[in-house]
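Construct the complete structure from the given sequences, taking the supplied hints into account.
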Amino acid sequence: MAQEIKNSSDQNRYHKEIDAVQYLSFTMENEEYGVDILRVQEIRSWEPVSRVPNVPYYEKGVVNLRGSIVPIIDLRERFDLKFSDYTPLTVVVVLQTRDGNRTRTMGVVVDAVSDVITIDKNKIQKAPDFGSKVSNEFIAGLTSVNERMVILLDVDKLLKLEELENHNN
Amino acid sequence: MSIDMSQFHQVFFEECFEGLDAMESGLLNLDTGDIDAEMINTIFRGAHSIKGGSGTFGFHDVADFTHVMETLLDEMRDGRRKVTQPAVDVLLGSVDCLRTMLTSIQEGESVDQAAVEKYKHALEVQLSGAAGGAPAPEQPSSRTEPEKADDEVVASEAYEMPEQGWKIAFCPYLDLLKTGNDPVRMFRELAELGDYSVSVNARDVPGLFELDPEECNLSWTLQIKGDISLQEVNEVFSWVEGDCELDIQPLTKPGKTVPAVKKIEPEPILPETGAAKTELDETEAKTGTGNPESIKQSIPQPDNDQTKSPKSSGSNSIRVDTAKIDALIDLVGEVVITQSMLGLISENFTMDQLEQLKRGLSQLERHTRDMQQSVMNIRMLPISFVFSRFPRLVHDISAKLGKKIELKLVGENTEVDKAVVELINDPLVHLIRNSLDHGIEMPADRLAEGKPETGTIELNAYHRGGHIVIEIIDDGRGLDRNKLIAKAVEKGLIAENSLLSDKQAFELIFMPGFSTAESITDISGRGVGMDVVRKNIQALGGNIEIISQLGKGTTISIHLPLTLAIIDGQSVAVGDEIYIVPLVSIIESINVTEKMLNKIAGKGEAFKLRNQYIPIIRMHEVFNVPPKDKSKPSEGVIVVVERQGALCGLFVDELLGPQQVVVKSLEANYRRVEGISGATILGDGSVALILDVPGLVRYSNRQTQLSSAA
Amino acid sequence: MASILAVDDSASMRKMVAFTLKGAGYEVEEAVDGVDALTKAQIKKFDCIVTDVNMPNKDGIALIRDLRSLPDYKYIPMLMLTTESGIEKKQEGKAAGATGWIVKPFDPEQLLRTLKKVLG
Chain D
4 MAQEIKNSSD
14 QNRYHKEIDA
24 VQYLSFTMEN
34 EEYGVDILRV
44 QEIRSWEPVS
54 RVPNVPYYEK
64 GVVNLRGSIV
74 PIIDLRERFD
84 LKFSDYTPLT
94 VVVVLQTRDG
104 NRTRTMGVVV
114 DAVSDVITID
124 KNKIQKAPDF
134 GSKVSNEFIA
144 GLTSVNERMV
154 ILLDVDKLLK
164 LEELENHNN
Chain G
134 MSIDMSQFHQ
144 VFFEECFEGL
154 DAMESGLLNL
164 DTGDIDAEMI
174 NTIFRGAHSI
184 KGGSGTFGFH
194 DVADFTHVME
204 TLLDEMRDGR
214 RKVTQPAVDV
224 LLGSVDCLRT
234 MLTSIQEGES
244 VDQAAVEKYK
254 HALEVQLSGA
264 AGGAPAPEQP
274 SSRTEPEKAD
284 DEVVASEAYE
294 MPEQGWKIAF
304 CPYLDLLKTG
314 NDPVRMFREL
324 AELGDYSVSV
334 NARDVPGLFE
344 LDPEECNLSW
354 TLQIKGDISL
364 QEVNEVFSWV
374 EGDCELDIQP
384 LTKPGKTVPA
394 VKKIEPEPIL
404 PETGAAKTEL
414 DETEAKTGTG
424 NPESIKQSIP
434 QPDNDQTKSP
444 KSSGSNSIRV
454 DTAKIDALID
464 LVGEVVITQS
474 MLGLISENFT
484 MDQLEQLKRG
494 LSQLERHTRD
504 MQQSVMNIRM
514 LPISFVFSRF
524 PRLVHDISAK
534 LGKKIELKLV
544 GENTEVDKAV
554 VELINDPLVH
564 LIRNSLDHGI
574 EMPADRLAEG
584 KPETGTIELN
594 AYHRGGHIVI
604 EIIDDGRGLD
614 RNKLIAKAVE
624 KGLIAENSLL
634 SDKQAFELIF
644 MPGFSTAESI
654 TDISGRGVGM
664 DVVRKNIQAL
674 GGNIEIISQL
684 GKGTTISIHL
694 PLTLAIIDGQ
704 SVAVGDEIYI
714 VPLVSIIESI
724 NVTEKMLNKI
734 AGKGEAFKLR
744 NQYIPIIRMH
754 EVFNVPPKDK
764 SKPSEGVIVV
774 VERQGALCGL
784 FVDELLGPQQ
794 VVVKSLEANY
804 RRVEGISGAT
814 ILGDGSVALI
824 LDVPGLVRYS
834 NRQTQLSSAA
Chain F
2 MASILAVDDS
12 ASMRKMVAFT
22 LKGAGYEVEE
32 AVDGVDALTK
42 AQIKKFDCIV
52 TDVNMPNKDG
62 IALIRDLRSL
72 PDYKYIPMLM
82 LTTESGIEKK
92 QEGKAAGATG
102 WIVKPFDPEQ
112 LLRTLKKVLG
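Protein chains in written order, with my numbering: chain D, 4 to 172; chain G, 134 to 843; chain F, 2 to 121.
Treat the hints as calculated values from the structure; they're not laboratory data.
Take the hints with a grain of salt, since some may be wrong.
What the hints assert, rightly or not - 27 Å max Cα-Cα, derived DSSO-like pairs, lysine-lysine:
no.	chain 1	residue 1	chain 2	residue 2
1	F	K75	F	K117
2	G	K300	F	K75
3	F	K75	G	K541
4	D	K160	G	K797
5	F	K59	F	K23
6	F	K117	G	K358
7	G	K311	F	K59
So this is what it looks like as structure tokens:
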């Protein structure tokens with residue numbers, strides 16, 4: 004708990020002083036997305052998972068990440084985009100999420116990682132209800148980098164797993 | 134400098150719970166007839182530490198509450214107050230209350246103020262009462278007043294802030310230096326307050342030959358100017374009170390005289406202040422001093438669920454004996470050496486080094502195994518973590534029942550995995566309650582039977598072959614097999630003419646809906662107990678046995694695996710997937726033939742095994758795995774598993790062999806999945822899921838019902 | 002920098018004291034009771050002792066008394082951490098040779114301020 008408090012105060016200071024935040028950006032279906040870089044633990048290439056029975060289809064299974072069992076979630080499928088086959092270029096971004104007091108580690112499958120972008124915090128817009136392909140609940144905001152729109156994702160909401168009952172057929 | 138105090142909270146809470154346990158066991162062992170001063174001191178110290186820590190870490194409610202306990206204990210410690218049973222009972226209740234309070238704070242929940250107030254009031258009643266007919270002290274001493282951070286209350290208010298400053302005559306006694314105080318440092322501190330000047334008086338310094346360099350022979354006159362309060366000046370000298378003559382006078386404009394403000398000398402102990410006294414008088418008035426009846430009534434009844442394991446037992450940290458860590462470090466050292474040796478061999482490997490390589494690898498294997506053992510060892514806790522709660526349970530319940538019972542604890546240092554320790558508490562509580570309630574007879578009955586008046590319950594723990602055995606042995610009335618059978622027949626649990634061995638008869642008490650008590654009591658519940666106890670123990674991978682002799686007593690033995698972190702499993706293939714079935718639940722594995730299979734309308738399939746129909750669960754179906762061309766059970770293997778006495782067949786493709794697996798949590802990063810108890814990492818680094826057999830059967834039954842309903 | 006021996010049977014208090022002092026640049030060692038402290042103080046000479054009063058085995062006052070009788074600790078400042086602001090404890094401590102005291106509960110700033118009184 005102490006650790007968390009410390010982190011958030013570090014973060015606050017960081018934000019206050021520079022007013023800039025860094026995001027890791029990646030693409031899917033020609034759209035660019037960003038996640039808070041402080042939440043990114045590592046980037047790995049896709050490797051086969053062990054399937055877990057009777058969970059939503061976008062929860063692909065679990066892998067062994069240095070002795071921990073970590074779930075892998077297909078972000079395309081989570082966003083109801085078309086499933087695309089995994090290739091050696093398919094990337095898994097390992098993220099830290101917070102759910103109450105708990106911190107969990109999860110991997111998300113994305114098409115490709117593009118860049119680390121620095122964003123002026125004041126230039127982040129609230130997501131308009133513009134019928135993007137991605138459900139608004141996962142979006143923390145929108146911003147543009149070099150004329151391209153980047154959809155900033157809220158990691159905690161994105162990876163808050165739904166109760167299983169909803170998915171049992 | 135600002136310090137994040139929350140980093141110390143975890144340690145603080147752990148320490149508090151330990152302190153509370155120590156207080157509890159101390160209070161339980163306190164014989165009111167023959168007071169052990171050291172025991173009271175230990176109990177006092179528990180309260181004292183909790184109070185000190187909670188104040189420092191900002192838990193003021195806890196500090197306030199413990200303060201009252203501490204006050205009461207302090208008086209007992211000093212012999213100012215007699216130790217009486219009602220007082221001990223209130224203190225025990227307060228320990229529980231404090232434990233709940235701390236747990237709530239730790240969990241970030243709100244504290245049950247009503248309960249806190251209840252006990253606080255009870256403690257105050259104890260404090261105000263002249264307990265046990267001891268001569269009433271003057272008043273329960275000045276300690277009941279809230280402590281002040283400093284005792285300068287006598288400082289006159291009228292002269293707090295003279296405009297100009299202070300004149301200080303400071304004449305240390307000879308021994309001042311021997312307390313480590315240094316006038317120079319004190320003056321430096323004074324200088325920080327304002328403009329200061331000093332003159333030294335050396336006329337008392339003896340001649341060189343008589344001079345004792347350890348003595349302070351000088352005296353000083355100091356002047357300090359500025360807007361300084363008397364308190365600030367006093368603070369500088371507060372540590373040398375009694376070691377010097379000190380005279381502090383306000384600096385005044387010429388011509389104006391101001392009386393001396395304060396001359397510091399060892400202060401007399403002040404009589405109690407008015408406020409605290411009034412408050413006490415009020416409580417006294419309400420309850421009537423020295424009236425044992427009213428004191429008794431104000432003792433809150435102990436809560437019935439006090440023996441539930443506190444949530445804190447589920448804490449994620451663990452205290453480890455340093456010897457265990459050292460052993461592990463030694464092993465790591467060995468591994469590093471072996472590793473570097475292997476590294477050397479591999480650098481310029483030639484075939485003639487093969488033997489060396491093999492030797493190195495087998496060494497590595499041995500070290501790895503030892504290291505695994507050693508790490509598991511770290512998770513091992515003595516069973517006393519569980520046992521230590523039981524004296525209280527027995528004390529409370531036997532008092533309630535009017536029975537005389539002695540609890541013996543044997544093998545408390547037997548070690549078992551932390552997870553087992555946490556999960557075994559509730560079943561044991563239940564079994565002990567049962568022994569207390571149904572096992573041990575009333576004193577009069579015991580005497581009539583020619584038994585000693587005081588019954589004995591022994592809790593015994595020991596290791597046997599990779600298991601821990603916990604026995605609960607009572608010398609009570611024992612189980613009456615005929616009564617048990619009659620009752621089971623009456624309840625329709627068995628057929629009238631069933632021939633049962635003693636063992637089978639005793640096992641009846643584990644059947645759902647069976648209760649041996651002729652009357653339902655609030656001690657051991659309503660017969661929902663024993664079947665649940667057995668279920669919980671089986672869920673831990675253990676089993677429970679019962680031996681009894683009518684009139685002599687009952688022994689219940691529980692066998693549990695030493696650890697839940699490693700299990701023996703059978704890996705099975707289902708399609709392309711691998712699952713682990715815990716070996717404890719497997720009865721046997723059978724290749725089935727078509728002839729043995731039967732469809733049961735709307736209820737799935739079953740096969741006949743030695744005159745018994747066993748339902749089949751097709752793993753492919755419940756887990757949605759594409760089968761490997763083996764859609765018919767006759768071409769795969771049926772793993773017969775047991776779930777609470779009922780058998781069930783899991784249809785899988787292939788048995789891949791038994792293996793020990795390290796259990797990993799699936800929930801830590803992911804979620805709970807029905808039918809799955811955890812995961813493990815296989816030799817190739819991939820993950821295999823471990824089946825939760827009872828959960829799987831439940832899940833499958835539900836699926837079957839759903840599909841047949843559809 | 003001055004070295005300090007922090008003595009307390011309560012791990013949380015001891016850690017807090019040690020952490021605070023280390024943060025201020027002092028060199029800190031910890032002891033869990035009077036007996037432990039007395040042993041450690043004889044192995045190494047500390048510049049200051051900060052001790053709890055109420056401890057098992059050997060309490061803070063006995064510790065101070067024992068230390069004061071050692072030549073190395075004759076003039077070393079020794080502070081007691083006490084909740085018992087009652088005058089008897091302070092007097093008892095002083096009679097044993099305590100330099101001063103810090104009344105619990107205290108916060109880290111108070112602790113450092115008090116230490117500055119005797120060190121530096």
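Structure-based check of each hint:
| no. | hint | in the structure |
| --- | --- | --- |
| 1 | F:K75 x F:K117 | 19 Å, holds |
| 2 | G:K300 x F:K75 | 31 Å, violated |
| 3 | F:K75 x G:K541 | 51 Å, violated |
| 4 | D:K160 x G:K797 | 26 Å, holds |
| 5 | F:K59 x F:K23 | 25 Å, holds |
| 6 | F:K117 x G:K358 | 22 Å, holds |
| 7 | G:K311 x F:K59 | 21 Å, holds |
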